[in-house]
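2 protein chains.
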Amino acid sequence: MTVANNTIDSAPAPNPQASIQHERSQNRFDPETMHYFLESLKENAEAFKTIIQQLERDPILGNDASYYDLTKAQQREITARRIARVAQYLEMGESPLWETTRTSLLNLVDSQVGTRIGVNLGLFLGCIRGNGTEEQRNYWSTTKGTELLKNLYGCFGMTELAHGLNVAGLETTATFDKERDQFIINTPHIGATKWWIGGAAHSATHCAVYARLIVDGEDYGVKTFVVPLRDSAHNVMPGVTVGDIGAKMGRDGIDNGWIQFSHVRIPRFFMLQKFCKVSREGDVTMPPLEQLSYSALLGGRVQMVMDSYRWTARFATIALRYAVGRRQFKLASQGDGSETQLLNYPLHQRRLLPYLAQAYVFSVGAWKIDHTITETLDTLDKNVAAEDMGAIMKSIEDMKTLFIDSASAKSTATWLTADCIDQCRQSCGGHGYSAYNGFGKAYNDWVVQCTWEGDNSVLAMSVGKPIIRAVMAVLDLGKKQKSSLAFLNDAKKFNTKETILTSTDDVLDLKKALSAIEVLITRIAIQGAKVVTENDGNFDTVGAASLAISKLKAHLYFLSEYVKRISENEYKEMNPYLLKLGQLYATANVVEKFSGEFLGHSILSPELLNELTNKIVPQICKELRPDVIAYTDSFQFSDFALNSSIGKYDGNIYENYFGTVKTLNPHSVTKAPYSAEFELALNRPSLEVRDRFEKSEEAASILSK
Amino acid sequence: MTVANNTIDSAPAPNPQASIQHERSQNRFDPETMHYFLESLKENAEAFKTIIQQLERDPILGNDASYYDLTKAQQREITARRIARVAQYLEMGESPLWETTRTSLLNLVDSQVGTRIGVNLGLFLGCIRGNGTEEQRNYWSTTKGTELLKNLYGCFGMTELAHGLNVAGLETTATFDKERDQFIINTPHIGATKWWIGGAAHSATHCAVYARLIVDGEDYGVKTFVVPLRDSAHNVMPGVTVGDIGAKMGRDGIDNGWIQFSHVRIPRFFMLQKFCKVSREGDVTMPPLEQLSYSALLGGRVQMVMDSYRWTARFATIALRYAVGRRQFKLASQGDGSETQLLNYPLHQRRLLPYLAQAYVFSVGAWKIDHTITETLDTLDKNVAAEDMGAIMKSIEDMKTLFIDSASAKSTATWLTADCIDQCRQSCGGHGYSAYNGFGKAYNDWVVQCTWEGDNSVLAMSVGKPIIRAVMAVLDLGKKQKSSLAFLNDAKKFNTKETILTSTDDVLDLKKALSAIEVLITRIAIQGAKVVTENDGNFDTVGAASLAISKLKAHLYFLSEYVKRISENEYKEMNPYLLKLGQLYATANVVEKFSGEFLGHSILSPELLNELTNKIVPQICKELRPDVIAYTDSFQFSDFALNSSIGKYDGNIYENYFGTVKTLNPHSVTKAPYSAEFELALNRPSLEVRDRFEKSEEAASILSK
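Protein sequences, first through last, are from chains E and V. full-length UniProt numbering applies: residue 1 is where the first sequence begins, and numbers increase by one. full-length UniProt numbering applies: residue 1 is where the second sequence begins, and numbers increase by one.
Warning: the hint list may mix true and false statements.
With a Cα cut of at most 30 Å, we get these calculated DSBU-like pairs of lysine-lysine [stated by the list, open to error]: (1) LYS72(V) to LYS72(E); (2) LYS330(V) to LYS465(E); (3) LYS512(E) to LYS615(E); (4) LYS330(V) to LYS615(E); (5) LYS144(E) to LYS671(V); (6) LYS497(V) to LYS512(V); (7) LYS382(V) to LYS400(V); (8) LYS622(V) to LYS593(E); (9) LYS615(V) to LYS492(E); (10) LYS150(V) to LYS671(E); (11) LYS512(E) to LYS593(V); (12) LYS512(V) to LYS482(V); (13) LYS330(V) to LYS530(E); (14) LYS330(E) to LYS512(V); (15) LYS330(E) to LYS465(V); (16) LYS277(E) to LYS368(E); (17) LYS593(V) to LYS497(E); (18) LYS695(V) to LYS49(E); (19) LYS150(E) to LYS695(V); (20) LYS593(V) to LYS277(E); (21) LYS593(V) to LYS530(V).
Derived from the structure by calculation, the hints contain no laboratory data. None of the values given here were measured: they were computed from a predicted structure.
Throw the hints in and build the complete structure from the sequences for me.
If you want it as C-alpha cells, here you go:
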C-alpha cells in the first residue's frame with residue numbers, strides 16, 4: 001500500500017509528473033531566453049508576462065475550466081462584463097506595447113472578448129481611419145470616447161445575407177437627399193440585410209455601414225457611412241431593425257446580429273470622406289484609387305497571423321506535455337514494466353513535432369508582418385496628408401505586396417492552426433474530447449478565422465492569380481517583378497525539369513529549401529499560365545494551382561523570415577535549436593505536405609523523398625525529442641493561459657484532470673435532474689398493462705364475436 | 001416595387017429557389033430509383049422512408065433548428081426522454097430491418113440518442129453476446145428486459161483514465177474470493193478509474209466491466225464481468241462511486257461518466273464465461289483464443305462506416321444545394337446582371353463534388369461490410385455452439401479479414417467524413433458557421449468517431465503492420481495471402497518501377513485504377529518492409545507508411561465493392577451516372593490525394609498527373625454538374641433529416657434561414673438580459689470621478705505638502 005498525493009491507492013498509480021519534471025531538469029537551453037526570440041524582443045516578452053499575470057489575477061478577466069461549462073447566455077454576459085473591465089485598463093493609458101499585447105493575449109485566453117472588442121477598436125475604428133478625414137477620425141474615435149470603449153460602441157456593417165466577399169456587389173443603399181442634406185440608408189430586400197455583424201445584436205450604438213452611394217439616381221458604388229443604431233439610452237433608433245443571429249458553431253459570447261434599415265436618415269457629414277466626397281450640392285468627388293479604402297480588413301488579417309502563432313503554440317504545448325506524461329503499451333526492451341511514453345513513438349513525434357516547428361516559424365512571420373503593416377499604413381497616412389501623389393502611388397505598391405503577403409499568410413496560417421488544434425486533440429485520444437482540456441471550444445472558436453475577413457479559399461485564389469499573371473508578364477513581356485515576387489524574374493531559368501534538391505545535405509540546407517520552394521511556385525505558375533491561356537484567359541480554371549501557389553507562397557514567406565531572423569539573432573546560443581525546427585518545417589511541413597507537387601515538378605527525386613520520409617524526418621524528430629519540454633516551456637504559457645487540465649505545467653495529468661471534473665461535476669449528486677422521469681420509463685409497466693389489455697387474446701375473442 | 005414572398009421589397013430580392021427548382025425540372029434520372037441503389041435494396045429504401053417519417057412526426061423524436069439552441073442540461077434531458085420513446089417503438093416488435101434502420105437514422109438525426117442507446121444495445125449487450133454463455137446472454141438481454149431498454153440499462157466499462165487502447169494493460173481487478181464464491185471488483189488507483197463510460201453518470205444500472213481476473217494471486221489477464229451500479233430504486237450501490245465527466249466537445253446529451261469500485265462484491269456467475277471459466281474451486285479454464293473475446297467493438301466500427309455514408313450524404317446535400325442557390329460575383333459573359341451560381345465555379349465543383357462521390361461510394365461499402373459482419377458473427381456463434389474447432393479456426397480467419405477491412409474502413413471513412421463536414425461548412429462561408437445550418441454541432445458530434453472504439457491512428461497502424469508482414473511473407477517465404485489481401489501475392493511482379501497508368505483512358509478505367517491502388521499498396525509495403533528490416537524489425541519506424549497503406553486499403557475496399565455493385569445493379573439506367581462518380585472518386589479522392597505516393601512509386605507520370613489535375617478532373621466535374629440536384633435528392637433526405645436552414649428541399653435559402661433566426665431569436669427583444677450593466681459601463685462617469693479626484697493636480701498639491 002502506498003499513499004500517492006491526496007488519495008490512498010492499493011497499487012502504484014501512474015506518475016506522469018515525474019517524466020515531465022525529469023525532462024525539465026535536463027534542459028539544454030534556457031526557455032526564458034528562447035521566449036525573447038519568440039516574442040521578437042525582450043521587452044515584448046516582458047510585457048507578455050506582465051499582462052498575462054494581470055489578466056490571470058483579475059477577478060473578472062481570470063479564467064478557469066468552468067469557462068467550458070458556460071451556456072451561450074452566460075458567455076454573452078461574461079463577455080460584456082469583461083469588455084467593461086478591459087475598458088478600465090485602457091483608460092489607465094499604459095504603453096502602446098502593453099495595449100497591443102493585451103489585445104493579442106485576450107485573443108488567446110478568451111477570444112470572444114478579444115473579437116467583441118476588436119470589432120469596435122479594430123474594424124469600426126479601422127474603417128473610420130481608412131475612410132474618414134482626420135477630423136472625422138478624431139471625432140468618432142477620441143472626442144466621443146470610442147477608443148476607450150466609452151459612450152459609443154461601434155460595429156462593422158459590411159457583409160449582407162446574400163453578399164459576403166463581393167463587396168462591390170453590396171445592395172444596401174445610401175441615397176442623397178439634397179433638400180435636407182442627408183443620406184437615406186435603406187435595405188431594399190432580405191438579401192441586403194446586414195448579416196453576421198459582430199456586436200450589432202446588443203452592444204453596438206453605431207455602425208460603419210457599407211452602402212451604395214446614390215446621388216441624383218446615379219450609383220457611385222459602395223462607400224462607408226456612420227449610422228447610429230441606438231440612442232443614448234441604448235434604445236434602437238426608429239427605422240432601424242436589429243436582431244440576434246443566434247447560436248453559432250463557436251464564439252457564442254459575441255452578439256452577432258443582423259440589421260435592416262428602413263429609410264433611415266443621417267446627416268451628410270456622417271459619410272466617411274477621406275477619399276470620396278459629396279458636396280452640399282450633390283457633387284461627387286471620387287477617390288483617386290478605390291483600393292485605398294480597403295485597408296480596414298488588412299489589420300485583422302495580420303492579427304490573425306499572430307493569433308495563429310499563439311494558438312498553435314498553445315495546443316502544441318498541451319499535446320506535447322500530455323505525450324511526455326502519458327504512457328501506452330509496453331516496449332519489449334523495457335524491463336521495469338512501465339509503459340512507453342507516447343512521445344517516444346516515432347509516429348507520435350511525426351504527428352506533433354511539426355506543430356512545434358509551426359509555432360516557432362509562425363512567430364517570426366507574425367512579428368514581421370505586424371511590423372510591416374504598421375509601417376505601411378503610417379506611411380500611407382502621411383503621404384495622403386501631404387497629398388503627395390508620387391509617394392501615395394509608392395504606398396499603394398507596398399499595400400499590394402502587403403495584400404499578397406497577408407492574404408496568403410492569413411489563409412495558410414489559419415488553416416494550419418485549425419489542423420493543429422484538431423490533430424493535437426486527436427493525439428490526446430478521448431481526453432482531447434473533454435471540454436475541460438480546451439480543444440473543443442478552441443476549435444469551434446478558431447475555425448471562423450478561416451472564413452471571416454476574407455474567406456481563405458477566395459484569398460488564396462486572389463494570391464494565385466496575380467502570381468500567375470506576374471509569371472506571364474515576366475515570360476511574355478520581360479516585365480520585372482519587385483519585392484516579395486522578385487524571385488519570379490528567374491522564371492525562364494526555372495522553367496526546366498532540372499532537379500533542385502539532390503542530396504540529404506540539400507534538403508537540410510534551409511537556403512536551398514527556400515530556392516526549391518521558389519522554383520516550385522514558379523513552375524506551378526508557368527503551368528497555370530498555360531492552362532489559363534488554353535482556356536481563353538479564364539482564371540477560374542486554375543483554382544487548384546492558385547491554392548497551391550498561395551500556400552507555398554506563405555511557407556516561403558514564413559520560412560525565409562525565419563532564416564533571416566536566426567541569422568540576426570542576438571541570442572546565438574539558441575540558434576542550433578532553432579535551426580533544427582526550421583529543418584523540420586522545411587521537410588515535414590512543406591516538402592512532404594506538397595510531395596505531389598515537388599515530385600510532379602521534379603524539384604526532387606522519388607528516391608530522395610523516400611529518404612526524407614524514412615530517414616531524414618524521423619532523425620530530426622529524434623534529435624528534437626529530448627528538448628520538447630524546454631521548447632514548449634519557452635512559450636511561457638501559465639496554466640491560466642493554457643486552460644487545459646491535461647496540459648498543466650506540473651505534468652500531473654490525471655490528478656489535475658480528475659480534480660477539474662470532480663470540482664465542476666460533484667459526484668455527491670448521484671441523480672440527474674430528470675432522473676425520476678427516466679426511472680419511470682425504465683421501470684415502466686408491461687406493454688399489456690399500458691395497452692389496458694385491449695390487445696390480449698381475451699379481448700380479441702370478445703371483440704371478434 | 002415588387003412583392004416577394006411575405007415581405008415587401010423595394011428592389012428585386014435574390015431568388016435561389018428558382019435555380020434549384022429549375023435544375024430539378026431537368027432531372028435526367030429518377031432520384032427515387034437511385035435511392036434503391038444507395039440503400040442497397042428497394043425494401044431498405046422503403047424502410048428508410050417509413051422510419052424517417054415516423055421519427056419526424058413523433059412529438060418527442062422530431063427535431064428542428066431549436067435543437068441547436070439546447071444547453072447541455074437540456075440535451076441530457078431530451079436525450080433521456082427520447083430513449084424512453086424509442087423503447088416504446090422497440091416493444092412494438094417490428095421487423096429487424098425496421099429496427100436497424102431506426103438505429104441508423106437515429107445516429108443521423110440525433111446522434112446522441114443513437115449513441116446513448118447504442119451503448120446499451122450495442123456495446124453492453126455486444127460484450128455479453130461476445131463473452132457470455134447463451135444462458136447469460138438470454139438472462140441479461142431478454143429475461144431482464146435490457147434489449148427493450150427496460151428494467152436494466154447497461155454501460156460498457158472498458159477504458160480507464162490512464163488506459164485507452166491497451167486493453168491488455170487495464171488495471172481494474174476482479175479477485176476471486178473462494179470462500180464466498182464471489183469476485184471482488186476493485187479500482188486500485190486513480191489511473192484505473194473507468195473513464196468516458198457512456199451512460200454511467202446517470203442512466204446505467206449495470207456495467208460490463210473489463211477487469212484483470214486474479215485467482216489465488218495469479219493474474220489471468222483482462223476478462224469481463226457484469227457489475228450492478230445502481231439498485232432497483234436507481235440508487236448507487238455501496239462501494240460504487242460514479243461521477244459525471246461533464247462537458248465535452250460534442251454529444252453533450254450523453255451522460256458519460258467515471259466509475260471507481262471500492263471492493264465491490266459480485267456473484268461468481270456474473271463473470272461472462274463463454275470462453276474463460278472459473279469453477280467453484282477457483283480452477284480457471286482459459287479461452288482457446290483470446291481474439292474471440294474482442295468482437296464487441298467490431299459492430300460499432302461497422303456501424304460507423306454506415307454513419308459515414310449517411311453523414312457525408314447529409315452535408316454534401318446541404319452544401320451542394322446552397323452552392324446551386326447562392327450566387328457570387330458576376331461573370332463577364334453574363335449580360336443579365338445576375339451573379340454566377342457558386343457551383344458553376346470550377347474550384348467550387350472541385351471542393352464539393354468529391355464528397356458527393358464519397359457518399360455514393362461509401363454507401364456500397366457500408367452495406368457490404370454490414371452484411372459481412374452479420375454473417376461472420378452468426379457463423380462464429382454457430383461454430384462455437386457446435387464446438388467445431390476447425391470451423392472456429394476458419395471463423396477466426398474471417399474475423400481477421402474483417403478486422404483489417406473494418407479497421408481501415410472505419411478509420412478512413414470517419415476521417416474523411418470529418419473532412420467532409422468541415423469542408424462543406426467552409427464552402428458555405430459565414431452561413432456554414434451558424435449553428436442553425438447544422439455543421440457545427442455535426443462536426444463536434446462526429447469527430448469522436450475518429451477516436452472511440454479504436455483510435456484511428458492506432459487502427460491504421462494495426463492495418464499497416466499485417467500488410468507489411470504479409471508482403472514480407474510473400475516475398476521471403478512465398479506464403480500465399482488470402483481473401484482481401486490476395487493481391488499481395490503478385491508482390492514480386494509489382495516490385496518494379498513500371499508505370500501502371502499511362503493514359504487518360506487508363507485513369508478513367510476503374511478496373512485499372514483498382515490495380516493501380518493494389519500495386520501502390522504493395523510497393524509502399526515493400527518499401528516499409530525494407531525500413532523495418534533495417535531497423536531490426538521495429539514496426540514503429542514505419543508509422544507513416546502504415547497510415548498510407550491503411551487509407552489506400554480502405555479506398556481499395558470501397559471502390560472495388562462499388563465497381564462490383566454497379567456490374568450487378570438491377571437499375572441499369574443508373575449506371576452511367578454511377579460510373580461518373582466512381583471516376584471522380586478514383587481520380588480526385590484517391591490519385592490526387594495520394595499524388596506524392598503515386599508519383600513516388602511511379603504508378604503514373606508527372607505529365608499524366610498534370611493532365612488529371614488540369615483536364616480530366618475538371619471535365620468529370622463539369623459533366624456531373626447538371627445532375628447535382630438529382631444526385632443529392634437521391635439520398636431522399638427530408639428537411640427534418642437534414643435539419644439545416646440553408647439546405648432545405650425548396651432551395652429558398654434566405655427566407656428559410658432568416659425565418660429560423662427570427663423565430664428562435666425574436667427581434668422584438670431589443671436588449672440583452674445584461675444590458676443595464678453594459679449600459680452603465682458604456683456611460684460610466686469619467687475616470688476622475690471614479691478616482692474621487694484623488695489623482696488630480698489639486699490633490700497632488702495638497703498631498704505633496
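Comparing the hints with the structure gives:
no. : hint                   : result
1   : LYS72(V) to LYS72(E)   : 11 Å, holds
2   : LYS330(V) to LYS465(E) : 17 Å, holds
3   : LYS512(E) to LYS615(E) : 19 Å, holds
4   : LYS330(V) to LYS615(E) : 50 Å, violated
5   : LYS144(E) to LYS671(V) : 22 Å, holds
6   : LYS497(V) to LYS512(V) : 17 Å, holds
7   : LYS382(V) to LYS400(V) : 18 Å, holds
8   : LYS622(V) to LYS593(E) : 28 Å, holds
9   : LYS615(V) to LYS492(E) : 25 Å, holds
10  : LYS150(V) to LYS671(E) : 18 Å, holds
11  : LYS512(E) to LYS593(V) : 27 Å, holds
12  : LYS512(V) to LYS482(V) : 21 Å, holds
13  : LYS330(V) to LYS530(E) : 24 Å, holds
14  : LYS330(E) to LYS512(V) : 43 Å, violated
15  : LYS330(E) to LYS465(V) : 17 Å, holds
16  : LYS277(E) to LYS368(E) : 35 Å, violated
17  : LYS593(V) to LYS497(E) : 23 Å, holds
18  : LYS695(V) to LYS49(E)  : 28 Å, holds
19  : LYS150(E) to LYS695(V) : 20 Å, holds
20  : LYS593(V) to LYS277(E) : 52 Å, violated
21  : LYS593(V) to LYS530(V) : 25 Å, holds
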